[in-house]
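Number of protein chains: 4
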Amino acid sequence: MGMVGGGKDAFIGAVHRMAANLDGHIQLVCGAFSSNEQKSKESGQSLYLPGNRVYGTYAEMFTREKLLPEGERMDFVSIVTPNHLHFEPAKMALEHGFHVVLDKPMTLSLAEAKLLKQVLGGSGKLFCLTHTYTGYPMVKEAKEIIRQNKLGAIKKIYVSYPQGWLSTFLEESGQKQAAWRTDPARSGIAGSMGDIGVHAFNLAEYISGLQVTKLCADINITVPGRQLDDDGTVLLKFNNGASGMLYATQVAAGEENNIRIQIYCEKGGLEWQQQDANTLLVKWLDKPAEIYRAGSDYLSPLAKFNCRTPAGHPEGYLEAFANLYRNFALTLMSKNNGTNPREEWTEYPGIAEGIRGMAFIENVIASGKSDNKWKDFEV
Amino acid sequence: MGMVGGGKDAFIGAVHRMAANLDGHIQLVCGAFSSNEQKSKESGQSLYLPGNRVYGTYAEMFTREKLLPEGERMDFVSIVTPNHLHFEPAKMALEHGFHVVLDKPMTLSLAEAKLLKQVLGGSGKLFCLTHTYTGYPMVKEAKEIIRQNKLGAIKKIYVSYPQGWLSTFLEESGQKQAAWRTDPARSGIAGSMGDIGVHAFNLAEYISGLQVTKLCADINITVPGRQLDDDGTVLLKFNNGASGMLYATQVAAGEENNIRIQIYCEKGGLEWQQQDANTLLVKWLDKPAEIYRAGSDYLSPLAKFNCRTPAGHPEGYLEAFANLYRNFALTLMSKNNGTNPREEWTEYPGIAEGIRGMAFIENVIASGKSDNKWKDFEV
Amino acid sequence: MGMVGGGKDAFIGAVHRMAANLDGHIQLVCGAFSSNEQKSKESGQSLYLPGNRVYGTYAEMFTREKLLPEGERMDFVSIVTPNHLHFEPAKMALEHGFHVVLDKPMTLSLAEAKLLKQVLGGSGKLFCLTHTYTGYPMVKEAKEIIRQNKLGAIKKIYVSYPQGWLSTFLEESGQKQAAWRTDPARSGIAGSMGDIGVHAFNLAEYISGLQVTKLCADINITVPGRQLDDDGTVLLKFNNGASGMLYATQVAAGEENNIRIQIYCEKGGLEWQQQDANTLLVKWLDKPAEIYRAGSDYLSPLAKFNCRTPAGHPEGYLEAFANLYRNFALTLMSKNNGTNPREEWTEYPGIAEGIRGMAFIENVIASGKSDNKWKDFEV
Amino acid sequence: MGMVGGGKDAFIGAVHRMAANLDGHIQLVCGAFSSNEQKSKESGQSLYLPGNRVYGTYAEMFTREKLLPEGERMDFVSIVTPNHLHFEPAKMALEHGFHVVLDKPMTLSLAEAKLLKQVLGGSGKLFCLTHTYTGYPMVKEAKEIIRQNKLGAIKKIYVSYPQGWLSTFLEESGQKQAAWRTDPARSGIAGSMGDIGVHAFNLAEYISGLQVTKLCADINITVPGRQLDDDGTVLLKFNNGASGMLYATQVAAGEENNIRIQIYCEKGGLEWQQQDANTLLVKWLDKPAEIYRAGSDYLSPLAKFNCRTPAGHPEGYLEAFANLYRNFALTLMSKNNGTNPREEWTEYPGIAEGIRGMAFIENVIASGKSDNKWKDFEV
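Protein chains in written order, with the working numbering: chain A, 1 to 379; chain B, 1 to 379; chain C, 1 to 379; chain D, 1 to 379.
If we strip away everything but chain A, and leave its shape as in the complex, we get (with noise of 0.2 angstroms):
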């Protein structure tokens, strides 16, 4: 694996790598981890890599690694640079012959994602999207859970997604993550909903199966001075005509990463939510609730696939991020070895997530100008 981004003081890129490292599938071989070449440097040595295979951009990366010989050069690269950085180090190294690993926001508008659904569409290479919460293994039994109809047709979905730590003008004192985060040159049209909101948006139609088909968002910045929204609350129209709500805010003051979801059917309801995530709620409209747990031989083959301790040894964010690389990984290795994938390999986001994601984004602020109720979901 090659990295572009994640310099000493990035907060994600140090999340990818531990993920990446923790079942021994990938090794980091090289990388560009800053656009200034001396801090590059300086974090390639102390992640012990070899100073030849520390680079002062990506396109150099790309040009040098594709000369070395195979089994040597990077498989594939990580890209974990702000959203404005997305789209053209992607593109590039696809066509380099490199797979990706994407930090999302996939791209920094729709149109970027449709060019780069067909980049990769001619590549024939690989591409993850790290929404990192599907890789939860309750997240997991949820979707099985709904998948197997045990539940019935759903009714409600919602979907929350509080933090605090912008509620303050923290940009203004030049914290990084701030100041990119609410940077449209940076993040794009948005802010809260494009950081977090996205994420939200992504848990709820990959738990339920189901597409949005309409919304209806209230926009908000609360903070003066700021340029993107810090705070949003969306009605939303599902495909199979259920309704629900997901709200995603930066400025809910004393909140941590909050993202918690519900979803209701004809005969009981789901619930999870990130901080206790290795449990997930069964309720019934006839009979006691039940505490599913991670790690327990209860669970569907698919959430088993995704547990690495038994029950009572939690597992969190990092195992979540982890369960993409592995995945990601495993199908690499599969596709490099010519055999087929299991099943359960290529459970990871990918280009249609991001397409959907980015239009979640652009149909969402939309409907924040608009004075409209329902906005048609358009991709």
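I should point out that these hints are in silico values taken from the structure, not numbers from a laboratory.
Do not take every clue at face value.
You can't tell identical chains apart in this list, so a pair holds if it fits in one copy or across any two.
[Said to hold, decoys possible] Using 27 angstroms as the maximum straight-line C-alpha spacing, the simulated DSSO-like pairs for lysine-lysine come out as follows:
| no. | residue 1 | residue 2 |
| --- | --- | --- |
| 1 | 237 | 304 |
| 2 | 214 | 237 |
| 3 | 150 | 237 |
| 4 | 237 | 114 |
| 5 | 91 | 39 |
| 6 | 304 | 39 |
| 7 | 375 | 114 |
| 8 | 369 | 214 |
| 9 | 335 | 41 |
| 10 | 117 | 214 |
| 11 | 41 | 91 |
| 12 | 335 | 150 |
| 13 | 304 | 176 |
| 14 | 114 | 214 |
| 15 | 91 | 125 |
| 16 | 176 | 267 |
| 17 | 267 | 214 |
| 18 | 335 | 8 |
Since this is a predicted model, take the numbers as computed values, not measurements.
Dock chains B, C and D against the given chain A, drawing on the hints supplied.
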């Protein structure tokens, strides 16, 4: 106390009686428990009432009780009938000189509510509307924390109220509670919004001290054949510029009676849920969240006045309900004695909350039918 | 009902009155609320009692009430004084023909307890000992699950009861509750073991249906100057071969009143804690744990009979306490009517539980002083 | 890193490898994964090791690796075999000049533990014992709160560790984990006490900074046919005069891996449970309890150093385990570089904890067989 409604198989009548009994200030002395005279008699007998204080109609009760000597006749009436039988008995009681406790929603329509306000205005009588959830001590603590501005200005209010008991077409079976609550003739224009949405609305305005100014509602009937809404989600704007979201649903299969509120302010947030009623979470932007607990010495005087037991001895729904009755009774005794009631005694919902609640119902149903996004909250 | 003790600044007297009031079956008609006659009068007045039914001593009350016509005189007496004033008024009440409700622990010593049993045996009167925690519906559900052998044979019982209010030398300040509960003359040979340990012991035997046969205790006074134990941990052996552990402490600073029991059997386990009283966790060896909830339709008839509100409307400590009073009252009315009480009415603790409780206190204190590991549980 | 044990169907070997992988400081370079050479080879292959670095025996590994040039040969060995294969490979590794990471309990007996201490003492090598639970950041926060005396003197320590997986006679089925853990030849004199009791003991001494001085144990075999204890409860005395209780059981059917500790001091208390590992409750005598959360800015430097993700991104068992490896690796690299390690790097359990753990096992089993109440804790 006399009672209108609350015959043998009613739900809320028994709750009112237990709430009135708890503190020993109130004695049930008469009732018109059912429009069926035989049933009313049987109900009275099972409540140890003498036969001559059990009446066939409320009109008869008001007339006959008025003739009894003061001290013997009932001081006030508690009206616990379905919505269509709120206005007339309340009006008649006031006109016969009786104070009134009335179940929510206050009337069948906003127009009736305004008429009742006129009648009450001229009567010099006391009036209590049983918005139970405001009787919880930790709800009062939340109100105090906001009022004292410990958390700074309010930015977001989320209130949700899921129940699951109307997930099926229960009214078809003749189940009494389902039958009247889904019947426009007895419930009014709203189902879930009038039954529980109005509680959520009241709780949000009560704790925050704010008023809703605009809303945007998605109102649904999810069970085929049902006549009134069983589900709704509402975007909210408040008079300080804050925004929020309210949902109330009776088709969240597997949920019991899970009203929950989260309020986020500049410096931190509050979270309270009725199913864990003795706990109030106070969250902070920059320090550990705190667990405020009912019965604790450190609570505000208002909260402590509404606790009966030391911390760790849980109080519940009946105690919250009893706080409304006790506060009403203490105010009434004070009035009867010609003394000024203590400020905390007058802390029970009344006509103003009733007017706003009925306005909520009418605005939210109108918004649900509109294609425009925002509807002004009109009273 | 008449009352002995429970004057104006007592804690448990007010609790008894609210519990007796709740269901409308019991009316407080007289009392000897304090050994201070003036205080007794004032207490009676604040409880709306006529002056001639408020007595200066319990002896006077029993004598005078006995002279009143049946139907007017009290049916039973509730004794809510400190421990040293349990035996004599209870005995005297029985001898004057009154049924008795008595606060725990039953007496000052096991010897007194055995005498009381003799008196009761010959009296034909009813007797209720207020082990409150057995009044909770989910405790009754736990008992039913064990009784029906759904979980197989019991292997382990853990019961813990931490409080923190005696963490400091509070009795020195003259705080009334601390003063008598740490005074051997008024409490007996045990402090924490008699005040709360006996509740934990009773709960374990009640739910399990087992009896302690041997124990090994570590009993401590942790606050310098204190005269009675404020802390103890006890190893237990039960008559089916199961083992267990009980701890009760009043110096767990920061704890409220956190009695909690876990029982593990061959196929699964139970967990209940009073601070989340409406929930019973049922855990299974090979399937998801279940959340049993008070007020639910699926509960056993015994549990349901002790619920007043539907699921999601929490009931608490006063309701549990009220269940003892209500069941006692229903049994008493049935006796007065010459009919057989329903089985679930007679479900309240009595003399047998009192004898075992006093034996627990004496055995546990003796074991605490012994260098031998196991002490037989002697009655 | 080289590995002894941890072949394909082992549990803890894979855990060690993931923990070692996570942070990118450690690379697995060789192993003797099984006493079955074929199995060792297959294991090595599946771990992407070259064939010549996969050995048939650990003796061979130590000999052959020692001949490799520095920088190529393994720096340290991780020993993850059953207990009877701890002492000899650890001793041999030290004698061949390799640092050692060793799974708990340290050895088969206290005598072996003391011998290992001697060997280590003369070797100049580093030694880490994987008491995983001390690697959790909130455990470290708890330790810091105690160390800084924020809560005053410790009065009570309760630690409990229920598991349920040995509720049945599982070893009879040949299940590998059950087989060796219940076999005296491979586990030593203790079953549950050595497998999990020693973790609970270590956790109590680690957080409190105290040492057990006396204990009184009830040790049981609850499953007929089983050879070693599967359950035990222990009364404890500590060297500051505090008392406590520890239980560890593997027959609590329905429990997973629920280690939990509560410490009560003069001014407040702490509560941590591994199944909710990112939360530490800090309770106070006179103010609201606080919820300390992993990843928060307000934590102590020691806790923060052991967090990888911001608050709300849960870390779990593997991250706690990885903290031991990372701290060991950082200390080792520092040693290799001839620099002084930072204080927080050296924060991993070692020989002293191993000696005390083995002493715990021997004392607790001896106490379980004794009729005397208290047994001095002898080392």
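Status of the hints after comparison with the structure:
| no. | hint | verdict |
| --- | --- | --- |
| 1 | 237 / 304 | neither (32 angstroms within a copy, 39 angstroms between copies) |
| 2 | 214 / 237 | both (5 angstroms within a copy, 22 angstroms between copies) |
| 3 | 150 / 237 | within (22 angstroms within a copy, 38 angstroms between copies) |
| 4 | 237 / 114 | within (24 angstroms within a copy, 36 angstroms between copies) |
| 5 | 91 / 39 | within (24 angstroms within a copy, 44 angstroms between copies) |
| 6 | 304 / 39 | between (41 angstroms within a copy, 25 angstroms between copies) |
| 7 | 375 / 114 | within (21 angstroms within a copy, 37 angstroms between copies) |
| 8 | 369 / 214 | both (15 angstroms within a copy, 16 angstroms between copies) |
| 9 | 335 / 41 | between (32 angstroms within a copy, 25 angstroms between copies) |
| 10 | 117 / 214 | within (24 angstroms within a copy, 41 angstroms between copies) |
| 11 | 41 / 91 | within (24 angstroms within a copy, 41 angstroms between copies) |
| 12 | 335 / 150 | neither (34 angstroms within a copy, 51 angstroms between copies) |
| 13 | 304 / 176 | between (38 angstroms within a copy, 20 angstroms between copies) |
| 14 | 114 / 214 | within (21 angstroms within a copy, 38 angstroms between copies) |
| 15 | 91 / 125 | within (11 angstroms within a copy, 50 angstroms between copies) |
| 16 | 176 / 267 | between (47 angstroms within a copy, 22 angstroms between copies) |
| 17 | 267 / 214 | within (25 angstroms within a copy, 35 angstroms between copies) |
| 18 | 335 / 8 | between (33 angstroms within a copy, 24 angstroms between copies) |
This entry does not satisfy hints 1 and 12, going by the numbered hints stated previously.
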